[in-house]
Structure formats: C-alpha cells, structure tokens
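As you go down the protein sequences, you meet chains A and B in turn. Quick note on numbering: the numbering used here labels position 180 of the first sequence as 180, and the sequence is numbered without any gaps. Quick note on numbering: the numbering used here labels position 132 of the second sequence as 132, and the sequence is numbered without any gaps.
Hints may contain errors.
Claimed, not checked - List time: in silico DSSO-like cross-link candidates among lysine-lysine, alpha-carbon distance up to 27 Å:
(1) A:K166 <-> B:K55
(2) B:K55 <-> A:K4
(3) A:K34 <-> A:K179
The hints are simulated quantities; they were obtained by calculation from the structure and are not laboratory data. Owing to the predicted nature of the structure, the values given are computational and were not obtained by experimental measurement.
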Amino acid sequence: MKAKESEKQIDYDLMERIQEGDMVAFSKIVDRYKDRLMNIIVRMLHSKEEAEDIVQETFCRVYQHRGSFDFRHCFSTWIYTIALNLARNELRKRKRFKFTDIFDMQGKEAEIAVEMELPSNLPKAIDAALKTIPEKYRMAFVLRDLQELPYDEVAKIMNIPLGTVKSRVNRARAMLRDKLRPRMEEYNALSKGTLLPVSLL
Amino acid sequence: MRCRRVRSFLSAYCRDELPEKRQESIREHLSRCAECRREEAVFRELYGSIDTLPKPAVSDDFNARLLNRVARERFKETRSKAYFPKRAPVLGWGRLAPAVATACLVLAFVFSGGIGLIDGPDQPAEFADNGQPGQYIDDRYKDVQPEETHVLTQHSISNWAFQKQVDKANRIRNLMNQLAGQRSFGTTANFAGSSYSYGNRPLHIILPFDRRTVNSTYTTQGVMTAEEAR
C-alpha cells in the first residue's frame, strides 16, 4: 500500500514538472508507463505496430492536455483511460471497415491450433485464447489480472460500477478456464510424469 | 457450501480476493472435494501461466519518435494565439490577388506583342501582302474631300446664356425708358394685362433709382452708360 502511495506521489511530482514544461520529467513518465501501456494495448488490438501507435498517441495526448490533469485523481487512471479509449476507437474503426488479414485464414488458424496442442507453449495458448474473449471481458481481465490494478481503479478506467467489474473479471477467468481446460489438464498430467488425462486419474 | 457455489468463487479464492471468512469456508470445502480441488488446480495453473506471458515492449526508437512528435506539438503551441494576435496583419490572398492579376495582365500585354502595337509594326504596311516596296495598298485617303453640307458654326452655343441675359437687360432698359418718359420713375409699376404679366398675377418690378443704369448697356466688360456705348 505504501509502495502504491509512493508511486502515486512520484507521478504527481513528475506531472507538476511536466506542467512547468520540464521535458526530462516527461521522458521519465514515458519510461515508467510505455511498457505497461504496450502490454495492455497489444492484448486489446493484437497488433504490435498499431499498439505502438496508440501508445505514442496516448503520450502525445498527455502532453497536449497536461494542463487539464486533475491532481485529485490518480495519474495512472488518467493515462490508462486515455489509452483504452484510443484502443476502443481503433477497434470500432476495424469493425466499421472489416479488414481481412490473409494470415487470419486457414494457415493462421492451423497455426493457432498447433500452438494449442503444444504443451510446452502454454503462455501462447493463453494469448490465443484471450483473443477469442469479447472485448469488455478482455479489457477487465487485462487490467485486473495482467496489470494487477485494484478493482476500484479498473472501475474508474472503464467507467462502470465496481460490481460490474468484479463480475466481468470473474466471467473472463471462467471463459479462459473453459477454453484452456483440456490444454492445462494435459499439461498438468505431463508435468506429473504421466501421459494419462487427468479425468482418468 | 455446495460445489457449484464454491466453483463460482474459486477464481477469486485463488487470487485471495475474498473476505477471510469466505476464504476459510472454501478452503474447508476443498479439503474434502477432489473435483473442486481439480478445478482449483486449473485456475492456479492459469494464473501461474499469466505471470509468464510474454510482455511486448516498444521498439528501440520509440522514445526518439515520440519526443520528435512532442517537439512538433511544442512548436505548434508557440504558433498558437497565445503568442500571436488573432487578427495578425498577414499578406493574404485578398490583398495579393489584385497585384498578381495586374502583374499577369502586364506580362501578357508585353509578351503578346503589346509593345510592338504601341511602337507600330517593324515592317511597313506595303510589304504585308505582295512584298513589293513603294506601292501602298491603301491610298484611299487621297480621295477624301470636305463635305459640302458641313457648316462650321462660328458662334457656339456657349454664349447663349450670356446673350439671354443681355436680351433681358435690353427689355428692362426699354421698359425703364418708357417709364422715365411717363415720370413714374422710382415707383412700383403695375403691368397687369400687359405683355409682362405672368398668368393672372401682375408682375411688379422694383425699378432702380439711378437713372444712369436705365440707359446703360450690358456688355461682357460690364455696364456702360448710353453715352459710353455710343
């Protein structure tokens, strides 16, 4: 808790310096948040290039609107909200124009299927399963379980009630479990030195 | 607690997100239910794998590109109205267009041989068609004669107004002379019914007291007496 407070205080100090036009402070903020934002946005958009553009745009918005930052709120909430709103806009655009990637055709599906079958590559299987979850559940899951943000902050970022966040996170976990259950049971069995499925044990 | 209810809390239980009392009751249930323990194992495996998920990083030149972009933003900010007045006196198209149009017209005139037109053709007209020098093509000017009906007016109409004034003065002089003969000089004369009436209203003329003016003549040089005129 104390670490969290000190993190917040560091953000506030940097933001004050940015408001005074200190570019070194801005650079520090970029270094603190670029990987966290990238981690979320890549999971949302599934494209590293587009995610990088969104992260860059996020920092530009932070700089443009540095004067309007309210010090009563958490800086991380503010920057995550900006980034996720931009990501949502991007997803909305995609829905409107329906881009079709040739790699999403048969070959890619086969590749994902192969990955799912490989027990040694469970993290990639989780990544692939995350793509199949609806956006609102995925966002809640990423913020809570990947970024490890508290529920109330996730609620503020997503602008939904706390109970809804909890329910969405729970739902997302259950969806992932259902998708990965056969994979993980097999993985558990292999790691325990047996080739028999867990259900037969 | 039943299995179904326990499983709904299992994901939160594995993250220690539940109140202590509920954590305890689930722990107790798991100690005696193998199915729920298997479910718990799946969740724990899932969370263990999440921590090992690859974390995508930004490219190496991300900071440089971002700072370049922010520098452009800063430059834009210095060009905003905070630094420049809203109605800055700039040379816009509104002012530039007439000057450009004039310049274009002058250039078009110059390059289309306008100067040649002013100076006259370099080659005489007689060379234009047959190319034989000394023979004018158009010599009709030799046949032009003054028209007989053309009468030049020596006295232009410009003196008309002055002449009218002189006529009026003469009429008044004649009238004055008549009145002087009747010894009614210096009074108001009533000419009702005479040629000097104006409709039904009588024309009253206030006569001058100086006799000299009665016999004077109005000329362009001024007023002269009858003797002088003679």
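Verification of the supplied hints:
1. A:K166 <-> B:K55: holds (24 Å)
2. B:K55 <-> A:K4: Roughly 22 Å separates the two Cα atoms, so the pair holds.
3. A:K34 <-> A:K179: Given that 27 Å is the threshold and the Cα spacing comes to 30 Å, the pair is violated.
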